[in-house]
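Required output: the full structure, derived from the provided sequences and hints.
Next come the chains, spelled out residue by residue.
Number of protein chains: 2
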Amino acid sequence: MRNTSCRRLFILISFLMAILSVSSTAAQDKDLVVRIARLRIDSAQLDNYKAALKEHAETAIRVEPGVLTLYAVYEKNDPTHVTVFEIYAGPDAYQAHLQTPHFMKYKTTTKNMVKSLELIETVPIALESKFKNPN
Amino acid sequence: MRNTSCRRLFILISFLMAILSVSSTAAQDKDLVVRIARLRIDSAQLDNYKAALKEHAETAIRVEPGVLTLYAVYEKNDPTHVTVFEIYAGPDAYQAHLQTPHFMKYKTTTKNMVKSLELIETVPIALESKFKNPN
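Going line by line, the protein sequences match chains R and Y. So the first sequence is numbered by our numbering: it starts at 1 and just counts up by one. So the second sequence is numbered by our numbering: it starts at 1 and just counts up by one.
Quick caveat, the hints were computed from the structure, so don't treat them as lab data. Please read all numbers here as calculations on a predicted model, not as lab measurements. Just so you know, not all the hints are guaranteed correct.
Each pair may be met inside one copy or between any two copies, as identical chains are not told apart.
DSS-like cross-link-like pairs, simulated, lysine-lysine; straight-line CA separation at most 25 Å [claimed, not checked]:
#, residue 1, residue 2
1, K132, K54
2, K105, K130
3, K130, K107
4, K130, K54
5, K115, K105
6, K107, K54
7, K105, K50
8, K107, K50
9, K115, K54
10, K76, K50
Written out as structure tokens, the structure is:
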């Protein structure tokens with residue numbers, strides 16, 4: 001009798017853990033924070049801005065587990081137009097990112113270089129990649 | 001005498017191969033085609049459009065070695081605004097992509113869903129990522 005109860009309890013616990021595991025994975029996908037930053041940069045300070053942004057992106061990806069992608073580019077036809085495509089593991093990872101020394105350094109350094117900043121919250125349709133940065 | 005000549009020839013060949021190897025890597029980085037597509041979609045056909053784009057992105061990344069990244073998102077504040085961040089291994093990979101059956105199918109299927117399309121050629125500042133698509 002006691003053995004049967006134990007077995008039932010064990011099966012119930014395994015079942016609940018399986019459900020929790022599946023819902024946790026689903027929540028992880030759903031929680032991704034994906035956004036696009038569009039910036040206009042002072043043309044006289046463009047090289048300094050690009051160096052600061054590059055350093056910031058490399059550091060954030062290296063040291064923050066929740067910063068998953070920072071793709072930063074400028075437009076060929078107007079190099080003062082910069083776009084950053086950003087993926088964070090979730091809202092907590094994004095909030096933690098804003099408090100890091102490297103993010104605060106980037107914001108302070110570039111404060112007078114950025115003429116405008118538009119932040120666009122997005123929802124993924126497809127996030128397909130096999131790109132490996134050779135650096 | 002013959003041994004010395006052989007050794008010199010060997011050193012020369014090694015040296016040339018090292019130069020070729022370095023310049024090939026540099027060309028690979030430099031040749032990346034990175035662009036942003038900004039689209040406006042007919043709101044009545046949005047779900048069909050998103051399904052077509054998702055299928056196209058998944059197929060292109062799976063079957064084309066030179067299609068490295070297709071990140072497709074829509075804006076939370078206006079789901080008819082779609083952005084695709086695209087990385088190709090080089091101009092040849094991009095031209096080959098345009099001739100594939102899945103790309104032609106995507107273009108035909110979505111022809112009457114896309115109200116406007118802006119293609120922006122870009123230059124990378126930083127392409128940092130450790131994101132793994134769980135799908």
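Violated hints - listed by number, lowest first | Failing hints: none at all.
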